[in-house]
Structure formats: C-alpha cells, structure tokens
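*Asks:* Letter by letter, the chains look like this.
Protein chains: 2
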Amino acid sequence: MQGKKSAGTDEAGRPGENGNGAVQSVCREAREASRILASLSTGRRNRIMTALADALIEQAPGILEANAADVAAARSAGLSASLTDRLVLNGERLEGIAAGIRVLERLPDPVGTIMDGRRLDSGLLLERRRVPLGVVAVVYEARPDVTADVSALCLKTGNAVILRGGREAFNTNRALVAVIGACLESLDLPSTAVQYINSTDRSAVEELLLMDTWVDMLVPRGGAELHRLCREKSRIPVMTGGIGVCHIFTDKSADTEKSLKVIENAKIQRPSACNALETLLVHKDTAASFLPKLAAHMAPFGCTLHLSPEAEAFLPEPRGIATAPVREGDYDREWLSRDFNVHVVDGPDAAVAHIRRHGTGHSEAVLTEDAAVARRFVDEVDAAALYVNASTRFTDGGQFGLGAEAAVSTQKLHARGPVGPESLTTYKWTAYGDYAVRK
Amino acid sequence: MQGKKSAGTDEAGRPGENGNGAVQSVCREAREASRILASLSTGRRNRIMTALADALIEQAPGILEANAADVAAARSAGLSASLTDRLVLNGERLEGIAAGIRVLERLPDPVGTIMDGRRLDSGLLLERRRVPLGVVAVVYEARPDVTADVSALCLKTGNAVILRGGREAFNTNRALVAVIGACLESLDLPSTAVQYINSTDRSAVEELLLMDTWVDMLVPRGGAELHRLCREKSRIPVMTGGIGVCHIFTDKSADTEKSLKVIENAKIQRPSACNALETLLVHKDTAASFLPKLAAHMAPFGCTLHLSPEAEAFLPEPRGIATAPVREGDYDREWLSRDFNVHVVDGPDAAVAHIRRHGTGHSEAVLTEDAAVARRFVDEVDAAALYVNASTRFTDGGQFGLGAEAAVSTQKLHARGPVGPESLTTYKWTAYGDYAVRK
Numbered sequence: 017m018q019g020k021k022s023a024g025t026d027e028a029g030r031p032g033e034n035g036n037g038a039v040q041s042v043c044r045e046a047r048e049a050s051r052i053l054a055s056l057s058t059g060r061r062n063r064i065m066t067a068l069a070d071a072l073i074e075q076a077p078g079i080l081e082a083n084a085a086d087v088a089a090a091r092s093a094g095l096s097a098s099l100t101d102r103l104v105l106n107g108e109r110l111e112g113i114a115a116g117i118r119v120l121e122r123l124p125d126p127v128g129t130i131m132d133g134r135r136l137d138s139g140l141l142l143e144r145r146r147v148p149l150g151v152v153a154v155v156y157e158a159r160p161d162v163t164a165d166v167s168a169l170c171l172k173t174g175n176a177v178i179l180r181g182g183r184e185a186f187n188t189n190r191a192l193v194a195v196i197g198a199c200l201e202s203l204d205l206p207s208t209a210v211q212y213i214n215s216t217d218r219s220a221v222e223e224l225l226l227m228d229t230w231v232d233m234l235v236p237r238g239g240a241e242l243h244r245l246c247r248e249k250s251r252i253p254v255m256t257g258g259i260g261v262c263h264i265f266t267d268k269s270a271d272t273e274k275s276l277k278v279i280e281n282a283k284i285q286r287p288s289a290c291n292a293l294e295t296l297l298v299h300k301d302t303a304a305s306f307l308p309k310l311a312a313h314m315a316p317f318g319c320t321l322h323l324s325p326e327a328e329a330f331l332p333e334p335r336g337i338a339t340a341p342v343r344e345g346d347y348d349r350e351w352l353s354r355d356f357n358v359h360v361v362d363g364p365d366a367a368v369a370h371i372r373r374h375g376t377g378h379s380e381a382v383l384t385e386d387a388a389v390a391r392r393f394v395d396e397v398d399a400a401a402l403y404v405n406a407s408t409r410f411t412d413g414g415q416f417g418l419g420a421e422a423a424v425s426t427q428k429l430h431a432r433g434p435v436g437p438e439s440l441t442t443y444k445w446t447a448y449g450d451y452a453v454r455k
Numbered sequence: 017m018q019g020k021k022s023a024g025t026d027e028a029g030r031p032g033e034n035g036n037g038a039v040q041s042v043c044r045e046a047r048e049a050s051r052i053l054a055s056l057s058t059g060r061r062n063r064i065m066t067a068l069a070d071a072l073i074e075q076a077p078g079i080l081e082a083n084a085a086d087v088a089a090a091r092s093a094g095l096s097a098s099l100t101d102r103l104v105l106n107g108e109r110l111e112g113i114a115a116g117i118r119v120l121e122r123l124p125d126p127v128g129t130i131m132d133g134r135r136l137d138s139g140l141l142l143e144r145r146r147v148p149l150g151v152v153a154v155v156y157e158a159r160p161d162v163t164a165d166v167s168a169l170c171l172k173t174g175n176a177v178i179l180r181g182g183r184e185a186f187n188t189n190r191a192l193v194a195v196i197g198a199c200l201e202s203l204d205l206p207s208t209a210v211q212y213i214n215s216t217d218r219s220a221v222e223e224l225l226l227m228d229t230w231v232d233m234l235v236p237r238g239g240a241e242l243h244r245l246c247r248e249k250s251r252i253p254v255m256t257g258g259i260g261v262c263h264i265f266t267d268k269s270a271d272t273e274k275s276l277k278v279i280e281n282a283k284i285q286r287p288s289a290c291n292a293l294e295t296l297l298v299h300k301d302t303a304a305s306f307l308p309k310l311a312a313h314m315a316p317f318g319c320t321l322h323l324s325p326e327a328e329a330f331l332p333e334p335r336g337i338a339t340a341p342v343r344e345g346d347y348d349r350e351w352l353s354r355d356f357n358v359h360v361v362d363g364p365d366a367a368v369a370h371i372r373r374h375g376t377g378h379s380e381a382v383l384t385e386d387a388a389v390a391r392r393f394v395d396e397v398d399a400a401a402l403y404v405n406a407s408t409r410f411t412d413g414g415q416f417g418l419g420a421e422a423a424v425s426t427q428k429l430h431a432r433g434p435v436g437p438e439s440l441t442t443y444k445w446t447a448y449g450d451y452a453v454r455k
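These protein sequence lines are chains H and P, in that order. Counted the way the numbering used here counts, the first sequence spans residues 17 to 455. Counted the way the numbering used here counts, the second sequence spans residues 17 to 455.
Derived from the structure by calculation, the hints contain no laboratory data. One thing to keep in mind: the hints can contain errors.
Since the list gives no way to pick out one identical chain from another, each pair is judged satisfied if it fits inside one copy or across any two copies.
With a Cα cut of at most 25 Å, we get these calculated DMTMM-like pairs of lysine to aspartate or glutamate [said to hold, decoys possible]:
1. K277 - D386
2. K444 - D132
3. K455 - D362
4. K455 - D412
5. K277 - E326
6. K277 - E438
7. K274 - D355
8. K277 - D125
9. K268 - E48
10. K455 - E108
11. K455 - D365
12. K274 - E328
13. K309 - D412
14. K277 - D346
15. K249 - E222
16. K444 - D365
17. K277 - D137
18. K455 - E385
19. K444 - D412
20. K274 - E108
21. K455 - D101
Start from the sequences, fold in the hints, and give me the full structure.
*Replies:* Right, dumping it as structure tokens:
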C-alpha cells in the first residue's frame, strides 16, 4: 500500500519525539503489522493459537535454558524469593501457559461481530462492528508468563503488541518472543506483530509513553510508581489497574466457620496477588466472639494481624497470633504478604464508608446471610468486582471464563476488572446509503 | 451514611490539589450527589427528563433574557458571526432542546441492564451489570445548547455532571443551570447533581483537571489546544474527540451528479461542524471530467478550493471558482469555513493512504458503485464512522438514534463516535457464592 512509506515519513516528522529511534521503529513496525492482523479471519487467528501453544512446548528446552540463566542471575543478585518464584519457568508452568492459549483458541471471537445496528430515518443502514484496537503496549515486571499470555490474547483479537518486561526476565522474554516470531512467520504472518523493547533502561519506557501516533493503548502492570508515571506522562490512553486494596466485610449474620475459610483463601492462597485480602472489616455485634476465632484460625498460617483500636478492644491478650497496631497509611497499602488489617465497624454502612475511603476499586466482598445487606453492599460499593459470600481471589480472566487477561482494570472507562478479549477491541460505525444527504 | 464526612476529610488531604477550594467543593458535592442518582430507578430518571423539558419551556423568558445579555456583550466585544450564532438562544431553539430531552426520556435505559453472565465452574453466579460512570465533567465553548443536552444525558444515565462553558455564554449557562437545579429540587433530588464552575479563569480548568479523586471522566469540547491541555495535564481519564479532518473519496465508478450533492451537503450544510468535509479525494481516471463540474457546482456557494498540484493539472483556467494552492499543513486542518482541499489520487489504495496520514479518526466517506471498493474502504480506514455513499454529516447522536450526544469521540478506548447514553456508563462484575473459595 502506498501509504506505508509516506505515512512513516510524515508521522516521524513530529519534533521531539524521536529519541534514539529504536523505540519508535518498534512502534511503527507494530502499527504496520497491526493492519495485516486486523484483516485476518477468525479461523486464521485461532490457528495462530494452536501453532503458538505447540511451538511453546516444542521449543521448551531453549526457553527453559534462557530462564535458568535469568533465575541464576536473579539469585546471585539477591532477588527476593517471591519475585524469583514469579520469574521461574519449568515444564509444568510452560504446559499451563500452552493450555491457557488453547482455551483462548476455543473462546468466541469478539472481532468482526456486529454489536448492533438499525435502519435510520434518513434511510441509512447503520451498523456497529467490533474491530481490534490496533497496537497494544504492555509494560510489566519479571513475569515471563505475561509475555506469552498477553501475546496470545492480542493475536487472538487481531492486535499487534509491544512488550517491555522486567530486566530480570530479559533472556526468558527474548527466547519467548523469538519462538512467537518464528511461529508467526511459519504462518506467513509478520513477526513484527509481537515486538519486544530490548532496552532495559527506564528511558525506553518514557520514550514509549510518547508514541501515541502508533500505539492505541498502554497497559502498565506493576507497582503504584509505574502507574503514576504512565498516568502523568503517557500520551497514549492508559488502562490502569492491578492495585488492589481488597476488603472483606463479615456481617453479623455470617456463618463464622465458613467465613474463616473464605478469609483464609483470600489472604493465604496467593498473598502477592492484587486480588488478595488486605483489610478485614468485622461487624461490632459479633466481634467479641469472631476475633478470637479469627486469631486461632489464622495463627497457623503465620499471619500478622494489624489491629485498629476498635479491633484491639475485642481481642484480649494473650492473642495467640502476631499483631501490630494499624498505623497511618496501613489501610491504603497492599501488604502483599501474610499481613492484613483488622477493623471493627458499626455495621454495613460503616463498612461501605470505609471501603469508599480506602478501596482501590478492585475486588470487595461481603459475607452475610442477610439478603438486604448483600444487595446494599453490591449496589453501594463502587468496584470492578463485588462478591457475596465468595473470596476476592476470583477476580481473574480465567476464573471469569474470559480466557487469559491482559490486566485487571480498576478504572471505569473502557474495561473494568479482567481485561479479556473484548476489552482489546473497539468498534467502527459503518453506514450505507444511496448518496444520502443530511436534511 | 457515615462515610460522607470522613471520606471528604480524607480525600481532601492530598497535598497540592486544593487550589482555591471552590472547584474542589464543586467536585466533592457532585460525587455525593452521584451516589443518590445512581440509586434511582429507570422511571425516576425518565421523569427528570419530562420535568426538565417542561421547566425549560416554562422558564424560557428568564433564560432568553440572560441570553440576550450575553449576545449583546458578544456583539459589542466583536465576537465573530459564526460564534455569536452558536451562542444565540431563541424560543424555537429552546423548543428544539426540550424536544431532544423528551426523545431521551423515551430511549431505552442502559443503566441496570445485565450485559452478560454465567455460572462458573466454581459454582459462582457471575453477572456484569451496567452502572453510571459517576461524575462526568465537560469543558466546552459558548454553546448553551450543550449545557442542557449534556445535563439531560447525564441525568438520564444516573451521572452527576460538572459543567464549565465558555465565558461568552456565562449568563445563559447560569440561568439554565438554575432552572435545572430548581427542577431537581422539585423532584426531591440534590441540585448539586448538575454543577457549574462559575469562574471563567483558565486556572479553574487547570484545577479541574487534577480532580481525579471525584471525577470519573472529562470531556473536552473545543479546539485542538483545549484537547492538548487535557491530554497532557488531566489526571482524570479524558474522552477526546470533536476534531474532524473528514474526507470524501469519489471513486471512478461514482455517479457524478449524485456525488456533487453529497459533497455539497458535507461541506455547506454546516461548515463549522466537526463532521464537515475538509478534503475531497478524486480518482484520477475521472478527475478531468469531474473537477470542472465540481467547480461549477460549488462556485455558487462561495467555496474556495485548495488544490493540490495534481488537482490543478486537471482544472484548466479560467476555473470559475476561487482557488488557492494547498499549502503545508492544509491537509491537517479543519477549515471550519466554505474552504476545502481537493486532491487527485491514483485510486482507492492511495485514498486510504492519504486518510491514514491526515485523518483524525472522525468521519470518512467513499462514493462508489463498486462493492469491492466500498468494502475495502470500510475495512481499511480506521475511523469512528465510515460512510458508503453518504455524507459525513450524519455522525451525530441524534442522527444515529442515540438521542443527544455528550461529544463525538475520536479515540478508540471506551467510546467511539457519538457519545450517547451507553458511553456514560461502566459496569460492575458481581458474583454470588456459598462461601466460595478459589481452588
């Protein structure tokens, strides 16, 4: 198409955006590749999934070798155990990733569907059709599974993707992207559809944030600092999320034994996850009996309870569990550990008020046998996911039946909660007339 | 609810965001009001529409008096005729606004509908339900119709709204907002659901951009400079749009006489609109016969054609119409007048390439009898609205059957094209279990 060269020449002409040029080239190539991807049928995009899952298994030895180098380097650099654990790939994890990609293959394709349409009074036949976003950029930490998951999700939905993972996973990510690129080429598709920014400099990320000419959506997956950087400096529309200060409110009507199992799951199953419990709110009418049982239940898991003054009053010494007083800021932090805050509230209204102050709009749960309390909680708490008698840990693309997820959005625009295939699309209005003019 | 005071105290605690406090108060009050609005039934929100339409007609004398003062001031300050025209209200225009609000009343309510849901393997019953965004802020120019339209649209969908219109319409907007406020109070609803920022200082807008704690979406409606300010400085997610460099491509297969009528409509009906024609692309195989007919057809409307070198070659002198050569930057500007660019291209591919370089993703049209050309144009051009044999002027919430519009989005995230009721909503995932834990 004639536009290719001229578009590049023109788009490159903006002053002050060129930087070292490497990031820009990556973005421009991704934009070109996105046009080819957008033209593929559902069947062809699904066949990429099969080929990709097969390739990851076939090429496992090379991928695991690269990963072993990253893990060794991380250990000698003293990376924390939990971060190192996220970095590790092995045969089983790779099989899990491949299995997830095969699930994606079988999911319905949002692209190309007609969302709605009508015949207008003007005679125009109007349709609204889902199309890929175009180019999606994801900046993340040392999690190689994200590299594969996000690539597959973007290819499933006809998007090109630009990846920039943490430096600790550099070799693993390069190996994964090489496998994905070779797989695309074997299907006669451009390997530039999945791009990796090879620089581990922060300046490369800052340069990427200016590439709104070529990139349609930026997804930061990392800590609060990365999110702030993106929100303040990005010219690309940003999908923020992944910061979860999640609450559980145990109402006076809740079953205590069952509640303790849910609290245990929400805190212990994966404390470093964004959907893990950070603050437990207990109804004051049951606090005197509930809190000692909570301490007894959670002590074997090595938990530390950060108690509000109100909670302390209901938990006489000896407490049988590590405790600390809630300090300034504790209600607004992700513990990412086996710590959590415990506070006693007057009732559902106070619980909702506490969550409005401190929640990050991620996942919030109420445990109650009272239908009116459940309904009010779900109506009045403003978050991506609300749970009645369930663990906050369910907020996840796979659990929600969406296949993989590119992130968990805590913003209200575009997508909320797990960012699945539909969230990687936009739509076009198309209208057909007979040389129609507006009256 | 207990949260009201404490939430305010806490949220106000962020350093550096307070400014003079007036804008912040407006935003906090709107947030409080949004919670009440979000709890209203469809019927109650629709009854606001009826009351609002009635009140605008009943209170017309006061509104028109305020408007007369604004118009007189604008005339003596030498405001341009086209801007003054946008500012003027009269009985007929007010009736038109009220009629639009009555259309909104009858439109389906997106809020509260279940978008989808399923029973998950974990036993959870998952639902996705549309809810209001919360608080929407709109910054616009001297168009009092926007004040009424946007207020009605936000109230229809359960959102509070913060308005900041152009200083030329200050008295009119104050009168309108007073009528809306009294109408809300007569229905036992908080008048703070529709707020007006009374300061005409630009600093008030800059302060508003920092209010992401209370405001969920910012819609700038104005020139490119306002959009840039918002994109670069806003911490609130921004819905950009309204900048339309719209093209029509006349294929060699198009009927010339019918095409001229469409071009006339797209340029002349309302040259200042964002969906008006700015650049006409003509297939080279028909340029020799088409361009002289174009000149003859458009000359009586007082048009000026800005000709590319290729177009000049096909239009021998005397041209019978005002012309000028296309200058650097002309392809990227909104003429907002009876001027437009005329360029000759080799065919559909070159037309698509030109639009990729210079289009703003608003509205693009192809005039053709060739189904393959039509299909490729619609597939390959990336814009909010694509037209086959129709004027670009149709891109409008009313024309599309959405009722009023808060803006015309040219971004891909969240909403694209006319921002109607659905675009003022987000969703919540809600899941119901029996003390369910994730395996």
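*Asks:* Hint by hint, note whether the structure agrees.
*Replies:* Hints, one by one, checked against the model:
{"no.": "1", "hint": "K277 - D386", "verdict": "within (19 Å within a copy, 65 Å between copies)"}
{"no.": "2", "hint": "K444 - D132", "verdict": "both (11 Å within a copy, 22 Å between copies)"}
{"no.": "3", "hint": "K455 - D362", "verdict": "neither (61 Å within a copy, 32 Å between copies)"}
{"no.": "4", "hint": "K455 - D412", "verdict": "between (49 Å within a copy, 13 Å between copies)"}
{"no.": "5", "hint": "K277 - E326", "verdict": "within (23 Å within a copy, 75 Å between copies)"}
{"no.": "6", "hint": "K277 - E438", "verdict": "neither (33 Å within a copy, 39 Å between copies)"}
{"no.": "7", "hint": "K274 - D355", "verdict": "within (21 Å within a copy, 72 Å between copies)"}
{"no.": "8", "hint": "K277 - D125", "verdict": "neither (37 Å within a copy, 40 Å between copies)"}
{"no.": "9", "hint": "K268 - E48", "verdict": "neither (58 Å within a copy, 28 Å between copies)"}
{"no.": "10", "hint": "K455 - E108", "verdict": "between (64 Å within a copy, 18 Å between copies)"}
{"no.": "11", "hint": "K455 - D365", "verdict": "neither (53 Å within a copy, 31 Å between copies)"}
{"no.": "12", "hint": "K274 - E328", "verdict": "within (23 Å within a copy, 81 Å between copies)"}
{"no.": "13", "hint": "K309 - D412", "verdict": "neither (30 Å within a copy, 61 Å between copies)"}
{"no.": "14", "hint": "K277 - D346", "verdict": "within (24 Å within a copy, 67 Å between copies)"}
{"no.": "15", "hint": "K249 - E222", "verdict": "both (8 Å within a copy, 16 Å between copies)"}
{"no.": "16", "hint": "K444 - D365", "verdict": "between (43 Å within a copy, 20 Å between copies)"}
{"no.": "17", "hint": "K277 - D137", "verdict": "between (58 Å within a copy, 19 Å between copies)"}
{"no.": "18", "hint": "K455 - E385", "verdict": "between (59 Å within a copy, 23 Å between copies)"}
{"no.": "19", "hint": "K444 - D412", "verdict": "between (28 Å within a copy, 14 Å between copies)"}
{"no.": "20", "hint": "K274 - E108", "verdict": "neither (32 Å within a copy, 65 Å between copies)"}
{"no.": "21", "hint": "K455 - D101", "verdict": "between (65 Å within a copy, 20 Å between copies)"}
In this structure, the hints that do not hold are numbers 3, 6, 8, 9, 11, 13 and 20, in rising order.
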